[in-house]
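Chemist: Residue-level listing of the chains:
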Amino acid sequence: MVRIDFNRLRFLVIDDNAHMRRILRTLLHGFGAREVYEAEDGAAGLESFTHYIPDIIITDWAMPIFDGLELTQMVRQPGANANPYVAVIMLTGHSEKKRVVAARDAGVTEFLAKPISAKGLYQRIVNVVANPRPFIKTKSYFGPDRRRNTNQNYVGTERRKGGKADVIRQASLLDKVRAAN
Amino acid sequence: MATIKEKPSISTFADHEVITPQNKLRKAVSAEPLAPGDDPVARAEQALAELSSEFSSWMDSECERLDVARQGVAKSGFTKSTKEALFHAAHDIKGEAATFGYPAVAAVADSLCRLIEHTPDATRIPFKLVDQHVDAVRAIIREYSRSDAEELSAMLTKRLREVTDEFLVHENRGRPEYLENILGPSLAPDQIA
Chain A
1 MVRIDFNRLR
11 FLVIDDNAHM
21 RRILRTLLHG
31 FGAREVYEAE
41 DGAAGLESFT
51 HYIPDIIITD
61 WAMPIFDGLE
71 LTQMVRQPGA
81 NANPYVAVIM
91 LTGHSEKKRV
101 VAARDAGVTE
111 FLAKPISAKG
121 LYQRIVNVVA
131 NPRPFIKTKS
141 YFGPDRRRNT
151 NQNYVGTERR
161 KGGKADVIRQ
171 ASLLDKVRAA
181 N
Chain B
1 MATIKEKPSI
11 STFADHEVIT
21 PQNKLRKAVS
31 AEPLAPGDDP
41 VARAEQALAE
51 LSSEFSSWMD
61 SECERLDVAR
71 QGVAKSGFTK
81 STKEALFHAA
91 HDIKGEAATF
101 GYPAVAAVAD
111 SLCRLIEHTP
121 DATRIPFKLV
131 DQHVDAVRAI
141 IREYSRSDAE
151 ELSAMLTKRL
161 REVTDEFLVH
171 ENRGRPEYLE
181 NILGPSLAPD
191 QIA
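Chains A and B, in that order, are what the protein sequence lines are.
Going by this note's numbering, 171 is the number at position 171 of the first sequence; the sequence numbering is gapless.
Going by this note's numbering, 160 is the number at position 160 of the second sequence; the sequence numbering is gapless.
Just so you know, the hints here were simulated from the structure itself, not pulled from any lab data.
For every residue, glycine included, the Cβ atom is placed at its ideal position computed from N, Cα and C.
Keep in mind that a hint or two might mislead.
Looking from chain B toward chain A, a few residues come up when the C-beta cut is under 10 Å (computed) [claimed, not checked]:
| # | residue |
| --- | --- |
| 1 | V18 |
| 2 | Q22 |
| 3 | L34 |
| 4 | V41 |
| 5 | F55 |
| 6 | K83 |
| 7 | A104 |
| 8 | A107 |
| 9 | I182 |
When the alpha-carbon atoms are kept at most 35 Å apart in a straight line, the in silico DSBU-like pairs for lysine-lysine are as follows [stated by the list, open to error]:
| # | chain 1 | residue 1 | chain 2 | residue 2 |
| --- | --- | --- | --- | --- |
| 10 | A | K119 | B | K83 |
| 11 | B | K128 | B | K158 |
| 12 | B | K158 | A | K137 |
| 13 | A | K137 | A | K98 |
| 14 | A | K97 | B | K80 |
| 15 | A | K137 | B | K24 |
| 16 | A | K139 | B | K27 |
| 17 | A | K139 | B | K7 |
| 18 | B | K158 | B | K75 |
| 19 | B | K158 | A | K139 |
| 20 | B | K128 | B | K80 |
| 21 | A | K119 | B | K128 |
| 22 | B | K7 | B | K27 |
Whole structure, please, built from the sequences with the hints as guidance.
Modeler: What follows is the structure in structure tokens.
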């Protein structure tokens, strides 16, 4: 398994529930993280994002002032902040399909349904670190490529125009590291 | 010494751009494998286990918050703020209960969330049904150490869910597509990429 040096990553945890922030901090420290910042609502989270420039944001969905979905949309503004490409992991009690799709379409990188587990969180973090996806910018979307897989047998309307070249195969960092070993 | 900021590579197509930003997280990927016996997940689980002595009091405080939210609805009816307070309190319990060691509580809290979220006009929600959900959450937590707690909470949850679904079917009778969505199963965590 690839090794992640968590002490080289800076995390921002945004959740209005103090108990959940404490649990997340505990898990992240357990993984080996040292830099974990916290914010208790979307507005404070956006301010902390600008101030601390985290590598990974872990955010709740339902929060006062503005929620995790709105926060993600604000972060995903190319040219408007220090890192619109930041990895966003949404951790939420919402697990309905329409919610997952809405989170994806807002530009969330990974989705994690509660109840939280150390394994689930670890896998999401490894994925955003070792398998970063390219970003797609269209008139209505800016965020990580929503196509995780290429289905050669896909039948239907292509939403993106531009011929075959619009699917860019990229070796994941995980594969590159494995190949180097 | 100042470094030159690396620009993302951009491929432009007819109606979209594919942007490959500089991978700033690469710094955290180590070429060395994990040392034998070193398991970050196990370390984190151990850290969480050390925190678990606090979970019972945390569950009590979440339960108290739910009760206060219920009292807010009883006093002022379903307003925007009382509805949000009750939903958030139930939603937090739904997400935390299993972590805190009370997995049987999550389903009742979920049923209350569904009742609030999927009733088009919240003022039509029978307060008695809200009461029954909140009382069920409190009772299950209070009696969790009983040997038959799991069985009793499963029966209670099943009945509350049935009554809630009956009410939601009636309140959404003019919206068949919406009903189909809310009566279907949620995605299991392992189905969520």
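Chemist: Work down the list of hints and note, for each, if the structure agrees.
Modeler: Hint-by-hint comparison with the structure:
A hinted interface residue such as V18 of chain B counts as satisfied when its beta carbon comes closer than 10 Å to some beta carbon of chain A; here the least separation is about 5 Å, so the hint holds. Annotation: interface hint on Q22 of chain B holds; nearest CB of chain A at approximately 8 Å, less than 10 Å. Hint status for L34 of chain B: holds, given a least beta-carbon distance of 5 Å to chain A, under 10 Å. With 10 Å as the threshold, the beta carbon of V41 of chain B comes within range of chain A, its nearest partner Cβ sitting at about 5 Å, so the hint holds.
Because the smallest distance between the Cβ of F55 of chain B and any Cβ of chain A comes to about 9 Å, under 10 Å, the interface hint for this residue holds. Among the interface hints, the one on K83 of chain B is violated; its C-beta lies about 13 Å from the nearest C-beta in chain A, farther than the 10 Å criterion. A hinted interface residue such as A104 of chain B counts as satisfied when its beta carbon comes closer than 10 Å to some beta carbon of chain A; here the least separation is about 12 Å, so the hint is violated. For A107 of chain B, the interface hint is violated, the least distance from its beta-carbon to any beta-carbon of chain A being 12 Å, above 10 Å.
Taking 10 Å as the C-beta contact cut-off toward chain A, the hint placing I182 of chain B at the interface holds, the least distance being around 8 Å. The straight-line distance between the Cα atoms of K119 of chain A and K83 of chain B is roughly 34 Å, inside the 35 Å bound, and the hint therefore holds. Restraint check for K128 of chain B and K158 of chain B: satisfied, since their Cα atoms lie roughly 17 Å apart, inside the 35 Å limit. A C-alpha spacing of about 46 Å is found between K158 of chain B and K137 of chain A, which places the hinted pair above 35 Å, so the restraint is violated.
Restraint check for K137 of chain A and K98 of chain A: satisfied, since their Cα atoms lie roughly 22 Å apart, inside the 35 Å limit. Of the supplied pair hints, the one linking K97 of chain A and K80 of chain B holds, its CA atoms being roughly 25 Å apart against a limit of 35 Å. Taking the CA atoms of K137 of chain A and K24 of chain B, the gap is about 20 Å. The hint holds against a cut of 35 Å. Restraint check: the Cα-Cα separation between K139 of chain A and K27 of chain B comes to about 32 Å, which is no more than 35 Å; the hinted pair holds.
The suggested pairing of K139 of chain A with K7 of chain B holds, with an alpha-carbon distance near 21 Å, which does not exceed 35 Å. Proposed proximity of K158 of chain B and K75 of chain B is supported: the alpha carbons are some 28 Å apart, at most 35 Å. Taken as a hint, the K158 of chain B and K139 of chain A pair is broken in the structure, with Cα atoms around 46 Å apart against an allowance of 35 Å. Between K128 of chain B and K80 of chain B the alpha-carbon distance is near 19 Å, which keeps this suggested pair within the 35 Å criterion.
In summary, the hint linking K119 of chain A to K128 of chain B is not supported, as the alpha carbons are separated by about 40 Å, beyond the 35 Å threshold. The hinted pair formed by K7 of chain B and K27 of chain B meets the criterion: a straight-line CA distance of about 17 Å does not exceed 35 Å.
When each numbered hint is compared with the structure, violations occur for hints 6, 7, 8, 12, 19 and 21.
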